[in-house]
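Residue numbers (the numbering used here): -9 to 149.
Fair warning: there could be bad hints in the mix.
In the SDA-like style, the derived pairs of lysine to any residue whose C-alpha atoms are separated by at most 25 Å in a straight line are [unchecked claim]:
1. Lys132 x Arg23
2. Lys57 x Val11
3. Lys22 x Arg3
4. Lys61 x Ser83
5. Lys29 x Met74
6. Lys130 x Leu(-3)
7. Lys47 x Val11
8. Lys130 x Val38
9. Lys(-1) x Val11
10. Lys127 x Met12
11. Lys101 x Thr113
12. Lys34 x Met75
13. Lys34 x Ile85
14. Lys132 x Ala10
15. Lys132 x Met12
16. Lys132 x Leu(-3)
17. Lys57 x Leu84
For the record, the hints were derived by calculation from the structure and aren't laboratory data.
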Amino acid sequence: MEELLDLLKQNARLSNEQLAVMLDDTPDGIAKRIEDYEKKGTIKGYSVILNDEVTSKDTVTAFIELKVTPKRDYGFDDLARTVMMYDEVESISLISGDYDLAVTVSGESLKNIALFVAERLSTIDGVLSTATHFVLKRYKEKGIFIEDEVVDERSFISP
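Input sequences plus hints: build the corresponding full structure.
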């Protein structure tokens, strides 16, 4: 992957001036490259990584695996499009293994997510089974440590 994209993935808040210095380019050149990436659809958007434990909003996240029957002539794409239209769905991917689709959802409570799975996801034509895994604690997201790194000051003493 190109160096500019790598830097933006690490920190999308870097200014064009900072990126220009790092990449031996001009701020205008950086702006043009970013604009081209956005127009081509290489860059689909920008996001913020939150530490949910220090925000005032309680959110529950779950990973849901779906075993599905792909539709003739459409494969998994048609079903994935149906699932991704729900507001609760943050991401959906085709995966290998025992399940076919991996869905990340968020909601206000365990009950909300459980109802979403039971009443909406599992009732979609073609969904054979689901497995729901609730996130209990996040340690790292997109390469970013969620909590400040804790250094253990104790020395290791071997016998």
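Tested hints:
1. This hinted pair checks out: Lys132 and Arg23 have alpha carbons roughly 23 Å apart, not beyond 25 Å.
2. Proposed proximity of Lys57 and Val11 is contradicted: the alpha carbons are some 48 Å apart, above 25 Å.
3. Restraint check for Lys22 and Arg3: the C-alpha separation of about 16 Å stays at or below 25 Å, so the hint holds.
4. A hinted pair counts as satisfied when its Cα atoms are at most 25 Å apart, and Lys61 with Ser83 qualifies at roughly 17 Å.
5. A threshold of 25 Å between alpha carbons decides the hint, and for Lys29 with Met74 the separation of about 23 Å falls inside it, so the pair holds.
6. Between Lys130 and Leu(-3) the CA atoms are separated by roughly 18 Å; this keeps the pair inside 25 Å, and the hint holds.
7. At most 25 Å may separate the alpha-carbon atoms for a hinted pair to count; Lys47 and Val11 exceed this at roughly 38 Å.
8. With a C-alpha separation of about 13 Å, the suggested pairing of Lys130 with Val38 holds against the 25 Å cut-off.
9. The hinted pair formed by Lys(-1) and Val11 meets the criterion: a straight-line CA distance of about 17 Å does not exceed 25 Å.
10. Using a Cα cut-off of 25 Å, the hinted pair Lys127 and Met12 is violated, with the two alpha carbons roughly 35 Å apart.
11. Annotation: proposed proximity of Lys101 to Thr113 holds, straight-line Cα distance about 17 Å (limit 25 Å).
12. Note on Lys34 and Met75: the hinted pairing holds, with a Cα-Cα distance of about 17 Å set against a maximum of 25 Å.
13. Of the supplied pair hints, the one linking Lys34 and Ile85 holds, its CA atoms being roughly 21 Å apart against a limit of 25 Å.
14. Distance restraint check for Lys132 and Ala10: the Cα-Cα separation of roughly 23 Å lies within the 25 Å cut-off, and the hinted pair is therefore satisfied.
15. A threshold of 25 Å between alpha carbons decides the hint, and for Lys132 with Met12 the separation of about 21 Å falls inside it, so the pair holds.
16. With a C-alpha separation of about 13 Å, the suggested pair Lys132 and Leu(-3) falls inside the 25 Å cut-off, and the hint holds.
17. At most 25 Å may separate the alpha-carbon atoms for a hinted pair to count; Lys57 and Leu84 meet this at roughly 11 Å.
This entry does not satisfy hints 2, 7, 10, going by the numbered hints stated previously.
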